[in-house]
Every structure is written in C-alpha cells, then in structure tokens.
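Visitor: Quick mapping for you: the protein sequence lines, in order, are chains B, P, X and R. What the first sequence shows, in my numbering, is residues 8 to 373, in sequence order. What the second sequence shows, in my numbering, is residues 8 to 373, in sequence order. What the third sequence shows, in my numbering, is residues 8 to 373, in sequence order. What the fourth sequence shows, in my numbering, is residues 8 to 373, in sequence order.
Honestly, I wouldn't trust all of these hints.
Since the list gives no way to pick out one identical chain from another, each pair is judged satisfied if it fits inside one copy or across any two copies.
Here are the computed lysine to aspartate or glutamate pairs in the DMTMM-like style, where the Cα-Cα straight-line distance is at most 25 angstroms [stated by the list, open to error]:
1) Lys150 - Glu80
2) Lys54 - Glu80
3) Lys150 - Asp360
4) Lys54 - Glu68
5) Lys205 - Glu269
These are computed hints drawn from the structure, not numbers from a lab.
Protein chains: 4
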Amino acid sequence: MSGSTIGTLFRVTTFGESHGPAIGCVVDGCPPGLMLSEADIQPELDKRRPGTSRHVTQRNEADRVEILSGTFEGRTTGTPIGLLIRNTDQRSKDYGNLLDTFRPGHADYTYHHKYGLRDPRGGGRASARLTAPAVAAAAVARKWLHEQHGTTFAGHMTQIGDIEIPFEGWEHVGANPFFAANASDIPRLEAYMDELRKAGDSCGARIAVVARGVPVGLGEPIYDKLDADIAHAMMGINAVKGVEIGAGFGAVTQRGTTHGDELTPLGFASNNAGGVLGGISSGQDITVAIAIKPTSSIRSPRRSIDLAGAPTTVETFGRHDPCVGIRATPIAEAMLALVLMDHALRHRAQCGDVRVAVPPIAAGQS
Amino acid sequence: MSGSTIGTLFRVTTFGESHGPAIGCVVDGCPPGLMLSEADIQPELDKRRPGTSRHVTQRNEADRVEILSGTFEGRTTGTPIGLLIRNTDQRSKDYGNLLDTFRPGHADYTYHHKYGLRDPRGGGRASARLTAPAVAAAAVARKWLHEQHGTTFAGHMTQIGDIEIPFEGWEHVGANPFFAANASDIPRLEAYMDELRKAGDSCGARIAVVARGVPVGLGEPIYDKLDADIAHAMMGINAVKGVEIGAGFGAVTQRGTTHGDELTPLGFASNNAGGVLGGISSGQDITVAIAIKPTSSIRSPRRSIDLAGAPTTVETFGRHDPCVGIRATPIAEAMLALVLMDHALRHRAQCGDVRVAVPPIAAGQS
Amino acid sequence: MSGSTIGTLFRVTTFGESHGPAIGCVVDGCPPGLMLSEADIQPELDKRRPGTSRHVTQRNEADRVEILSGTFEGRTTGTPIGLLIRNTDQRSKDYGNLLDTFRPGHADYTYHHKYGLRDPRGGGRASARLTAPAVAAAAVARKWLHEQHGTTFAGHMTQIGDIEIPFEGWEHVGANPFFAANASDIPRLEAYMDELRKAGDSCGARIAVVARGVPVGLGEPIYDKLDADIAHAMMGINAVKGVEIGAGFGAVTQRGTTHGDELTPLGFASNNAGGVLGGISSGQDITVAIAIKPTSSIRSPRRSIDLAGAPTTVETFGRHDPCVGIRATPIAEAMLALVLMDHALRHRAQCGDVRVAVPPIAAGQS
Amino acid sequence: MSGSTIGTLFRVTTFGESHGPAIGCVVDGCPPGLMLSEADIQPELDKRRPGTSRHVTQRNEADRVEILSGTFEGRTTGTPIGLLIRNTDQRSKDYGNLLDTFRPGHADYTYHHKYGLRDPRGGGRASARLTAPAVAAAAVARKWLHEQHGTTFAGHMTQIGDIEIPFEGWEHVGANPFFAANASDIPRLEAYMDELRKAGDSCGARIAVVARGVPVGLGEPIYDKLDADIAHAMMGINAVKGVEIGAGFGAVTQRGTTHGDELTPLGFASNNAGGVLGGISSGQDITVAIAIKPTSSIRSPRRSIDLAGAPTTVETFGRHDPCVGIRATPIAEAMLALVLMDHALRHRAQCGDVRVAVPPIAAGQS
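Can you build the whole structure from these sequences, using the hints too?
Guide: Structure below.
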C-alpha cells in the first residue's frame, strides 16, 4: 500500500504539505454511534500547536479542524470522517534558496533523489506539521477507547539534551512548555533552551508515553504484534531514532529472574514487559519510550553540496523548533492511541465471541 | 489485514507452530527470472538452526526447506514461492503441564485470554522457531537485492547480559556460537553462559545489523517510512524490546551540530542517521540495533497463577536457549532484508522513471 | 482494510456525504513529475455533473474541485493529492421524513441495520454523488496512463430500458445527454425519458466502456487478476448489478473454436477476451459492459415498513435521476482508469526489468 | 498487495502450480475455537476433483488435503491454518512443446510478456487446478458461517452451451456430473458433451450460486461493497467472463416499480437486489450468476504465432475439461463463502456493538 495510510481497520490517510493550502486526513472504519464534534478534537490539536511558547517555532497557526463528513446529528455514522486543517501562516519566502542545496540531517537529499523534485516550502511533506492530522484522528480513537474500555493516555518528556527530568507528578505536564512531569526543574530547562537558541544549535529529547486501561488481547502475531505496530507508529514520527517497550534496552542487562513479570491473583508484580507479551496486550499499562534527534534546521553553518554536487555551506534560518522533542509528547500519545484503536477493532473481529472462564487479573504495577 | 503477513509487494505469509507438522511461508510478489533453488536458502536457515552449540536449545531440527512452487527450471516465475519446513523433533511431552498455568514473561497468559485456547507444545505459535520461515524468505530477498543493487547484510552481537563485546572484525562472526565480531572474548562469553545455565537463569543481548549498498530512495512517507517499517519488523522478532536506527537513543544527548550528517562531494561525513533521512534511504549504510530480553522459560521458580486464578509456582524445564539473543543475529538480518526488498519494489513502482541530473554521492562513513 | 479505499499502489480514499459540508478524496501513490492542475480534473467532473439536462437530477452543484496538496509548481511531487469538492446545494429539507421508513431498492434498510443510524440527507454516503471523487482521482490516472502508455478511455450507453442504442460513432457521445454513440435515436430516448418521468417511474441502462492502448502484462494472478479488479470496481458503482468482460455472458453459448482469439503476426484476430487473458492484459482493448438498475427513488407509491416494523407506503419526492445510468458512463470510464493505473504501477514494481525478445503483437480487432 | 491473497481479515494466500510439487494456501484470521479437521475440508475438495466423470479431465488427482497448522486438539487456535495438497499425477511431458507458441484464449501469451518466462506444465499457475486451495479454505469459512449464522451455500449449472437447464430440484445437484438441479435433461447434456469432445471443441456455461441465512449488515461502502467483493471473487475464477447479482443484466429492462424489492412485515416481497442493497447485505438470499467461457485448450487447430512472432498452428492435446464450467459450481460457492466470511469479521469489527430497536425482517422471497 502507499505510505500515507496507517491502520488496517481504523485507517487514517493523511495529505498535505507544510505550506500548501491545507493538511488533513480521512479516518475510515470508525464505529458508528460515537458522539463527535470538533470540540472533541481541537484540544488535542492545541497541545501540539506551534507558537505556544518561546521554545517552539513562532509560526502562528490556528490549526482549526473542520469535520467534513462521517457524522450526523453529532454522532459518527460509520462512514469516513474527513478532517481538514487549513494552513494560514505560509511565509514560504523564508525557504526560497532551499532548493539549491541539501540541509544535513534533513529529508531534502532523499526526497530529491527519490522523487526527482520536492516541495521546499517549510519542509513540504517532511515537516513535523504533518503530525497534526494524526493527532486529530487520534482524538477520535481516544474518545472511543475511553468510552468502550476506559483506556487513557499520558506522556511526558523524561530528558532533554543532557538533562534528565525527574518525574514529580502528572499534574505538572500541562503547566510547562516541555510536557515535563516536573515543576522544580523548569527554569533550568528554559535556560538550557535559551542557551541553545543563542548558540544556533539544537538538542534531542526522550519521551515516555503510557496507555492505561488497555484490554487484554490486542495484537496479532506474528508480524502485526502490538509492540511491532507501536514501534512502527513511533518510528514514523519525525526525528524519532529509537523506540523502547517496557524495559527496552534495559532488558539487555536484566536476568530472566528479574525481567519476567510474575503473576499474582492481585495482578502482575512488575511491568518489564511494558504491557505486551508475545505481541499481545496483557492488560498492564503499555509503556513506551522514544528518542528524538536534535532539530536538523539550525543556524550554525554546516557542510553540504549543491544540486550539481559541488561543496557548499548551509545555514538554516526561518522559524524552527530548537528541540522538536518539545512538542512530541502529544504526538506520541496520538500514535499509541491509533495503534490500540486499530487493534481493538481487529481483536473484536477475530475473537469477538471468545469467553474465558476466569477474567484477567488486575494490571498491577506499571 | 491479519497479522501473519509482512510486506506490501514482496509479501511473506507464514504459518506453523513449534511442534505441529510443519512451518513455512508463502513469498508472493517476487520478481521473475531470479535463479533460485533450495541451496540459496538452506545456508541462511542453518545459521539460526537449533542444536548447533551447547549454548542454545538442544532440540535437533534439520530445518530442511523445500520449495513447493514459484520456480521453473531453476528460475523464479513471478508466482508465489511456497516454502515448507517439516518439524521433526517434537518432544511435546516436555510441555504437558503448561496448559495449567502461565509462565511469567511468556505469551501463555495473553494467548489464553485472546484466543480462549492455545497450543502449548513448545510455545506453539509464539515460539522463536517461527522466525525460520522469515529467514528462508529473506534468503530470496537477499539474493535479489544483491544481484540488482549489490546490497549486502551483516550483523553481530554487541552485548550479552552485562558483557559488552568489542568489535574486532567481521571475519569472526561465523567462527563462534554468539555471532560476535570478536575472537578474544569468546571464552569469557562461554563461561558466562555456563554460569547462567547452572543458575537456571537467562540473560538479554544487544544485536547490531547493517545493510550496505542500499539504493537511495527506499521508503514511503509518512507512515511507511523505511525506518518505521524496519522498527516494525525488528520489534516483531520474539523477545525484542527496543529498536534503534543510527545514533538511536544516543541522539538524545547529541546536538544538531553533531548529529546532522554533513554532505561532501566524496560522501556523507558521518552516519548518525543510520542511512535514513525523512523516512527514505540515503544510500548510506542502514544501521540498526535491537535489545533482546532474557529468555522467559527458565528453571528458577517464579510466582504465577493457575487457570482458576489461584497462586502457584512455575519452573520451566525442556530445551530452551538461555539467551534467545544468541540466535537473533541472522533473524535480524533477515527482517531487514525483507523490509528493504519490499521497499525496493515499492520504489520502482512509484518512481521507476525518475531521473536526477547528478547521481547520488557515495555512502561515506558508517 | 476499511472500505473507502480502492487500489494498492495508486490508492484513492474517499470521504463525504451527499449533503454534508464537502466530498473529496486522497490520491496516494501518484508518480512524481506529472503536470497537474485543477484544469486537468474539472472537465471529467463536469461530464458527470448533475443539472446538465432535464433528464437528470436538477440539483445544482458546481462540483468545483480544489487540489489541496501533492503538487509543487504545477507538478505532482509523489506525495498524496488531496482533492476537495464543497457541497453547495444541500436542500436537505426534501428528505425530512426519510428517517421513518425504508425506500424499496435503496440502502436505507441496510445502513440502518448495519450502523444503527444513518444520514438520510440525499442518501448520505449511499448517494451516487459519491462517485465524483473517483472521477476526479481518475482524471489523474488517465493523464498519467496517456502520457506513459498512450492509453485512452471511452464509453457509451448501449441500452436504456427496453431501447437498444445502435452504435453510430464515437463523435456523438458528447453531443447528447445520454452518452449515446448515436444521433438519430436521441429524440426517441428523450421521449422515453419524458414518459418515465411523467409516470413517476425509472428504468435501467447498459453501458459499455473501453480502454485502448493498454500495455501487455497488467494484472496479478490469482486473486487480483485485472478482470477481477475491474469487476470489483464496476460492481462498486452505485446501482450496478452486472459486469461483463469481452464476450461476457455471450461466452456461454460460444464454442472454443469461436471464443479463443487467434493470434497472427498482425495482431489478434478477434477480441472475445476483452483484452484480458489469465487475468493479465493482452494489449488488446479492454472492453467492459455493465448493467445498471432503475433508480430506486421514484414517485410511485411502494410498500415498505416503518422503524417499528409496521407496514407503510413510500413515495419519494426530491430531485432524482429517473435513470441513474444516464450519468454512469464517465463514472465507469473512471473506475476502469483507476484499476489500470494501479496495475500499471504494480506491474512496474514486480516486472520492471523484464525484457522479452520479441515485442507484443498489435492489439488487433476490438 | 501482491495478488495471491484474498480477503482483509479472513485472508487466504495461495501458492502452487498445476504440475509442481504441491499446491496449497494459508488461511489467516480464522476465529479460534472452531472444531476443524481434514474431514471438514475433504468433501468440498472432492466435489471439484478431476477424473470423476468422463466429461472432465481424466487427470487422476486424489487432492488429499493436510492441515499443517492452526489447530490444537481439533480446534482452531486463531493462528494461520496451513493447507497442503500434494500434486501426484504430473504427466508434464504432455505439455512439452507448449513453450514454443501461445494457445489462443489461454494465458500463455500474457504470462510470457508479463514475466518473461512461464511454467508450461499443465498451465502452471494459470491452471484451474489452482481453485482447489480456495475450495479448501472456503470449507473453513462455510463451517464457521454455518455455526455462527446458519448460513448455507448452494449452486447449480443453469446453462451449458446452448442448452438451458431447467431447475427441477436441489436434490439432483449431487446426482449428476454437471451440478445440474435437474434429472430429466441429463442424458441430453451428456450427449451434447460427447458430441463436443468428438468435435475437438468446447463450450461455455452459466452457473448460479446462492447463500442463505446471511446476516444483515455485511459489506463496506464505498469500494468494498459486498457485491463488489463478490464480483471480484467470481471474476477471479478461471474462465469467468461475466457476473450478475440478483436481477443482473435483467435489471436493464426492468422499471423502478418492478425492480425495487418492497418490504413487508413478513419479509421482502421479491429479491431483484440479490440480497445486497447499497453494498450491504439485506438478509435476503445472496444470488449470483456467472458466465464461463469455453475451454481454450481444444484439439481443433487454431492460428497462433511462435516465440519469434511467426505464424503457426496450435492444437492442444492432453487432458482438458471440454467445459470448464462443469466443475465450476463448487468453486463459485467457495468464493462466495470466502467473501461473506471476510465481511462477517469486518462487520463485527466495526459494528459489533450496534443494537437496533426492531430486528430485521425475514429474508422473504428469493
């Protein structure tokens, strides 16, 4: 299949470029009867919206979503939900000379060689702006999963550049521009970002997301294991270079006597698995971590080549996030929700009539 | 789609359980005209075969592959290639009591709740044995990619449990049971494994794989980015808990001035990207690392519950790898090959007539 | 996959309801470099537009298409092409009481039972209006196929109700409201339609479409044979009840000595196959015929039941085509183009490097 | 996707050639818990087996099916079901000179040009023998549909060549080699076939199939309408040139007042729709008719060309059905079952919790 679609049954197909007329998506396969209006979607979009603090791009996009189809009298009808977000702040003159060279670490070079031409305005299709339609689509998934299964999603930044961010409490996440579950370190993070910006440089970040209240049984071995599909969705987010489920790379140094989560009548005794066993959700929290690389578009001069292959130097001006990880938390939550939604429907399809004598145990520790 | 198929155009659909009559797969979409016989496939299967050293399961499976279809007079015809591997050593009595409880860290619990019943013989479908068909299918992909593009694959174990394994040279990989690119540390690794086995415990591992000679342009933004599909394939391997591309989690602490790989007329100056930019291959080496959890089936007693939900204790006997990572290297290479093959065809479909004035630069550093 | 997408590599995903804010689609997988603007698409949409004669619905829709993405400086970039058509004439009050009962022959009953609710405005998703996005998408396919392979498409109505329409010449098709390849019988057809409208009744039609200049080799046995995918696309058009390829049902009474098209150095001696042999295009014209049922929405009273299951009578007012077949010709051409486009890419993917010593013979007779 | 797979959730992937080592398929997505053994599948295979009367090919194939995976203690486990049928009677010397020319009406020419090479033994992949795996897979679908919904399938030949076969009763279908629902005309059919065989010619046929007890709600507008997917499945059967649902081409001359099936509290008053409204099953019988072309492999000499493009003459010897339609009835039933099964799962996925106040009416007339 062509690459702009994610999901098998709950399918999201996106379109749009950073500075074209509009971005959006079609959400196909949504169950009917779900109460849905723009008011369910807009708050999620607002979380990842640019221009909300001095640490992110100053591009001013309202990111107003319009539902074009798929609802009647406030309920989903089971037909595709068209979602449209008009681009309004398209200062494409900022990118005028970008067609002549390739920014290191950016998709310029690969788009050029794959397609023979590319839309340079704001990164075109490779812009992180294109995560917005997925966030909008995921708002639908989140609502359905919450209503049907009580599933909730949360995420926070756990590290930015060299600075690890201690977890202090979920209540802090919405109160700072970093999605940090922390209050006391925020001034330090802000100073770090100011320094980076002054230096014309950028940094990476690490994000953790969790889904709670996930039903047992989601995921399809062998190739569409739940964790495999989560890894696919996460690695597809712009700038992500690593994905972990549960203990992740920490599992390398664990022993089997430590790693394997024991079961008790009261629930699992630990959650090294990150909520997935054999590719199928266990009912524990799904825990995921991702690594996000530093922004490629920086003011510092870098070596590159021009279209003729001759050496040149590139400095990128324009409005860029010095750390693309800052806005990545709601995006990672969204991608996780899309995967769980799809597998919830897939599981109902195949196993909708499965009954087990003794119900699942509690999720236990996370 | 149902979960036992991987790939869009070069599609591999597997079947089989660890102790059923046979395992195998159908490889659909292979280009016609490729010289192919069992002799092209068997060597890859032999690499991951059980019973080849004292550090892996002593199950004795010949793993002889039979080509059932898709070739005529030694060439692929473009029709599906059926591959069959009969199971011969099915000592299923070893697993007799496994239906009564759930091994911690194993898929027992989730299969039980998803499907309502499960095949307990040797782990059934959740057995790592089910990676064999993918390895067989990948042998076809590897041959085609090598003939068409000169692409090659290699991999090695970089860490086992607490022990990091220094890279000494690719020539060592085939000369030890660990797929270590190292000669001097092998005695230490063997001693470590013997100690683990004695302790009735298991450990994790870290594997690195690389593809060289990858053409520029493979991958389909947004959701089927090459790295996203690689992450999907890798996380779908049994016991994998983490995936990195290029710098991976190391990118978190990198700055943009370090991470973004500069371009020069002679090639890329570094390869933090791991060969993928914007989801599309850059022509650099594709570099991937994976984390593998410790084997769940261990002799040490662990807490669990029985089918009625009452507490019990589980000890797993039978023939298990104390480190499933030991045989993971050829599997990871295979999964990488399957993804690249699929995207090579997808790229030719969409962009088969794209011509760019100046050819790609050299791969540069890896 | 969810059902609003057609195609594997050239993928069209539609959204929209007859009287919602907008209809449209996302075209994913289009090759890059194709010159494309709204001017390439609008003429095809205009052909199937309502309100163009007294024999079709008097709904007045401009059906102006907007390209939202996927082009840069007038060329396709290889990224998804978003196409939007705003609904402007939504006199939904005409349909106010339709939620209380089910029109015979209409989708009311099945949507109600499948989804539990339905959008009654203008038939909602089941409206023939939803063929417009496919026609728009197909305009892209037609342009590419013509540029790459010289493929062209044509179609005409061959029968309306009891009246067979003799073929007089392709030049007539655009000169009458019926897409008849005929000039002399048009007054008779108009009188027939006027009579039907007065009677509050409707009639069926038969349409023939042909693709010329189709390359040899399109189609993938076994299940995605070219003719199988054509049948899928055609039967998916609203109101279609039958599909024929080549000799169609006429093949039942043919003998093998008549049916099998002989090959000569100058081309095929006949075309009973309709351009497809073994599911693969032969280079001959692809010839397809479809049967279209009479419009279900008629003024004549019919028996039905209400939501409580009690008997009632339904008469349908509002603006309906007395023969939905009248506007079906451009739609059938469009669906044929979508299938050929998809298979052209699929064929290039798998067989892009196949070379045969002697080139294909000419198409020969049609 | 590559073409050897049918279905989205209940997925059948086939492999094999007529005279290779084996044919078979993988059935992925089957719900767990279904009692299943070879004894459920073999009877369906036996119906379409060659060599059962003098009117079909005298090839002697036992067509014994082996279940390779997907069951445990006689029940499906939800994992893929591998089905294997060894080829035993491979008299491939019969086809020795077939690589030098192209049989009119056969896939020789198109396979040659698509793939550059082809397996000539018994038609290779293009052989009607490749319908056997679908019949085997459909046996699983039929059992599940019957247990869950009471769905049953039946079919019969309604015309062979010029001879229409009156319906006398379903009980006759199994009592003659033609699958005719008729007893009195059988001698006439046999004489007709004997005459054809003597003349070295072949003829077409018309088959009708019906599914009863189909739940309301199966089918996904717009592109995966139930009838669209049925048309796809039917046109994909070897030699099929036409497909009708319900009134089919008869709908062309019907008026709306006749065609639209009225609803009454006791059920539908007629079934011109063939059980599908708006692409969704209505609960009425699904009625399908197909046209099958005359066998292409005939003894009578036909004009063709050789590989160099020079004119030549072809006569086909070997063991061929003089009317491939004779064995088509169980195949058509099978394809219908596969489509319904897939959509039953798809419907449960999306609408598994839809509840409607008043249940569906009875199926009514067929």
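Visitor: All the hints need checking, so say for each whether the structure fits it.
Guide: Consistency of the hints with the structure:
1. Within a single copy, Lys150 and Glu80 get their C-alpha atoms as close as 17 angstroms, which meets the 25 angstroms cut-off; across copies the closest is 40 angstroms, which misses it.
2. Within a single copy, Lys54 and Glu80 get their C-alpha atoms no closer than 27 angstroms, and across copies no closer than 33 angstroms, so neither meets the 25 angstroms cut-off.
3. Within a single copy, Lys150 and Asp360 get their C-alpha atoms as close as 24 angstroms, and across copies as close as 16 angstroms, so both meet the 25 angstroms cut-off.
4. Taking the closest pair of Cα atoms, Lys54 and Glu68 come within 25 angstroms of each other only inside a single copy of the chain (12 angstroms); across copies the shortest separation is 38 angstroms, beyond that limit.
5. For a Cα distance limit of 25 angstroms, the shortest separation of Lys205 from Glu269 across copies, 22 angstroms, qualifies, whereas the shortest one inside one copy, 50 angstroms, does not.
In this structure, only the earlier hint numbered 2 is contradicted, and the remaining ones agree with it.
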